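With these hints in hand, go ahead and build the complete structure from the sequences.
Protein chains: 2
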Amino acid sequence: MNAIPENTGLSIPDYMAGLGRAARRASQQLNQVDSGRKNDALLAIADALEANYDALLSENEKDLQAGRSNNLEAALLDRLTLNADRVAGMAEGLRQIAALPDPVGEITDLCYRPSGIQVGRMRIPLGVIGIIYESRPNVTADAAGLCLKAGNASILRGGSEAIHSNKAIANCIRLGLARAGLPEQAVQLIETVERSAVGELLRMKDSVDIIIPRGGKGLIERVSRESLIPVIKHLHGVCHVYIDDQADMEKALAIAVNAKTHRYGVCNAMETLLVAEAAAADILPALKAKYDEKGVELRGCQKTCSILDGIKPAVEQDWSEEYLAPILSLRVVADVDEAMQHIAIYGSAHTDAIVTEDYSRARRFLREVDSSSVMVNASTRFADGFEYGLGAEIGISTDKLHARGPVGLEGLTTQKYIVLGDGQIRV
Amino acid sequence: MNAIPENTGLSIPDYMAGLGRAARRASQQLNQVDSGRKNDALLAIADALEANYDALLSENEKDLQAGRSNNLEAALLDRLTLNADRVAGMAEGLRQIAALPDPVGEITDLCYRPSGIQVGRMRIPLGVIGIIYESRPNVTADAAGLCLKAGNASILRGGSEAIHSNKAIANCIRLGLARAGLPEQAVQLIETVERSAVGELLRMKDSVDIIIPRGGKGLIERVSRESLIPVIKHLHGVCHVYIDDQADMEKALAIAVNAKTHRYGVCNAMETLLVAEAAAADILPALKAKYDEKGVELRGCQKTCSILDGIKPAVEQDWSEEYLAPILSLRVVADVDEAMQHIAIYGSAHTDAIVTEDYSRARRFLREVDSSSVMVNASTRFADGFEYGLGAEIGISTDKLHARGPVGLEGLTTQKYIVLGDGQIRV
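Chains as they are written, first to last, in the numbering used here: chain A, 827 to 1253; chain B, 827 to 1253.
Honestly, I wouldn't trust all of these hints.
No copy is singled out in the list; a pair is fine if it fits within one copy or between any two copies.
What the hints assert, rightly or not - Straight-line Cα separation of at most 35 angstroms, DSBU-like style, residue types lysine-lysine; simulated pairs:
#, residue 1, residue 2
1, Lys1043, Lys1031
2, Lys1059, Lys888
3, Lys1031, Lys1059
4, Lys1116, Lys1031
5, Lys888, Lys1116
6, Lys1043, Lys1059
7, Lys993, Lys1114
8, Lys1138, Lys1120
9, Lys1077, Lys1031
Source of the hints: derived by calculation from the structure; they are not laboratory data.
Source: prediction; values computed, not measured.
Right under this line is the structure:
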């Protein structure tokens, strides 16, 4: 078991520094471990989660009781809850990660240079990853599993409201690591709810290589502001669908409805629908009927309101709002150029889609829209690690550097150059 | 011509904000420009540099005179000097960049997913790059050329001692851009020597996507500390060669001499030589004879000093020193494990090499040493964009994220996901 500051009398900085040193050592050991051993550990953790189901649920119940007496919102309590499905989901997720190919050690682009040396790139772990997340305890297992498979040690900081659940999951992780002969420090949970531990973590630049925050905007902004360590982050998702006047209107309807209504509280849901002026009078009434059926509130620009009677006018603020709710802003634009301008101004560089049968407009949209995912004739809801074939994702990055879009195992690694020679020297 | 704050009465923050807005607009235009047009501009800039040779030299003379009256060191004056060779070098560099393949728009990994969508990645420019560098004026042309080819707008801040030379070069760049019909704001020089302009640049996170500092350690550390924008940086190069007891001693001698003495003031020069104990008595005297010939000062560990009479003992500080001079620290280690431990503790994750004929040790060294370049039987001096086949480099990154090692055109780009569908929705 990790030392818990409350029990040991360690100060938070000393406790955190200890975690950092242990993580660095563990990451050096992990870098040398075979894929088979890492997979054994992942499978053993999955087994341990299932074997300790009763303990997980009783620890989770402590968190739920505390949450109820602290009057946590129903949505938060739901996210906090572990049950048979969710424990099975964590175990299944780990088994899927075990089945993915190991990215570490892959050598690419190895070729001979005129000097006679061979130059290539080898994929390697990032080192130590700090993950800061909010209420959902299953993130503990998911994040630990992805980091482990990519050869990284991880330091996990979950929400204080899930501390008992997270400790119970971390216990299963330690059991699995030990069973596979891997160091228990490969995955360490911060076992104190002291808020200053987060501040410490963000400053440990000698022992932590990267920070990944997962949670609401407030958390992400605090982490970005305070961290001395590079951050891979997802800020927000103001996703657009643009329906061109050359769209197949059946596809357009299906995509616009799916992108908004398939799930509301997710970052790849559409928040603003842009419609080409020449298509607006045709498609907007049909769209409104569908949205009305689903109970989606519409907020339209002036032109939209002149076509659709009685809907709420959108205000400037609406164009940059991530509703995460059954609300949609609608704007009529002249053409693909005005649509792309709107996206450049109000978008969040997450996911944007065009619906069109016009080859040249599709080609321009793909090249010119600067978002982590750009789509033609597909629902923005596809922006997801599983749908993209990454197998699993630790999040969706809206940064420009390193990893953009869904971040899977590859995003948790980096590359170094390797040079193979036969005694070559520079002349 | 750009507005110069001294002439316009603009405040530095307003001046810099103007550069930022113009750069963002230019980057949006550059993203849509054909490779041919970018190459035309690069060739036109090269021509303009040659056509304006006399003006370049007379402006450079102003900087040199100022430098002499400010008692600049001889080495700095040399770096500051433009002459026929260096102007030809700038022009040739730009022509080489024009001849490189355009990384922008390359689509990779495009494949069908079970849902029917096709998912792939498209390589795209980073956007706006801020480059902060010291005395060498040719960086103005090199950096502008690389950024332009990769589709990025750039904001350049050269050393104040080179301001006249840099303005003259920037003038040629504008001529070339205009001749190719590209916006002049694609490359902007900060035309004030006010130091606060750098601080402004580092905070312009809405208009600048990445900062690349090139220069001494003091500059890099200031930029890393102050920047609100992600930085691609080269901190320092404490490079090692480890001579294993299974090394071919002829190759070992050649590599150890080349890595140290080919050039002293460069980041990929060896600073510490590690020698396996079983080989030390054999090879150290031969090495000393070679280094003596070249006038290299040796500083050895206790064991080294017991084999080589009369050399200076190394102190702890020597193991982490980047000499950039004819000085070498030497340490006898038990084996490859102790060598890798030494590198992990004292190295700078730049470039490290093993000399061995032992297959398993070579394989372990390649995997376990966590440096941007790891080599077997080759001189560390090969860690270079040209030698690696990148064509040109903007620097060598010792960071872990995004770009590691020599950074060429690809390191100045990023990737987005593209999705091609036929009306697919998530079910």
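Do the hints match the structure? See the list:
Proximity of Lys1043 and Lys1031 under a CA criterion of 35 angstroms is satisfied in both settings, with 23 angstroms inside one chain copy and 18 angstroms between copies. Taking the shortest alpha-carbon separations for Lys1059 and Lys888, only the intra-copy value of 31 angstroms comes in at or below 35 angstroms, while the best inter-copy value is 47 angstroms. Taking CA atoms no more than 35 angstroms apart as the test, Lys1031 paired with Lys1059 passes in both settings, with 17 angstroms inside one copy and 15 angstroms between copies. Taking CA atoms no more than 35 angstroms apart as the test, Lys1116 paired with Lys1031 passes in neither setting, with 51 angstroms inside one copy and 41 angstroms between copies.
With identical chains, the CA atoms of Lys888 and Lys1116 are never at most 35 angstroms apart, being 43 angstroms at best within one copy and 72 angstroms at best between copies. Proximity of Lys1043 to Lys1059 under the C-alpha cut-off of 35 angstroms is found in both arrangements, the shortest distances being 10 angstroms within a copy and 29 angstroms between copies. In this assembly of identical chains, the alpha carbons of Lys993 and Lys1114 never lie at most 35 angstroms apart, being 48 angstroms within a copy and 58 angstroms across copies at closest. With identical chains, the CA atoms of Lys1138 and Lys1120 are at most 35 angstroms apart within one copy only, with a shortest distance of 17 angstroms there and 82 angstroms across copies.
Taking the closest pair of Cα atoms, Lys1077 and Lys1031 never come within 35 angstroms of each other, the shortest separation being 49 angstroms inside a single copy and 38 angstroms across copies.
Hint check: violations occur at hints 4, 5, 7, 9; the rest are consistent with the structure.
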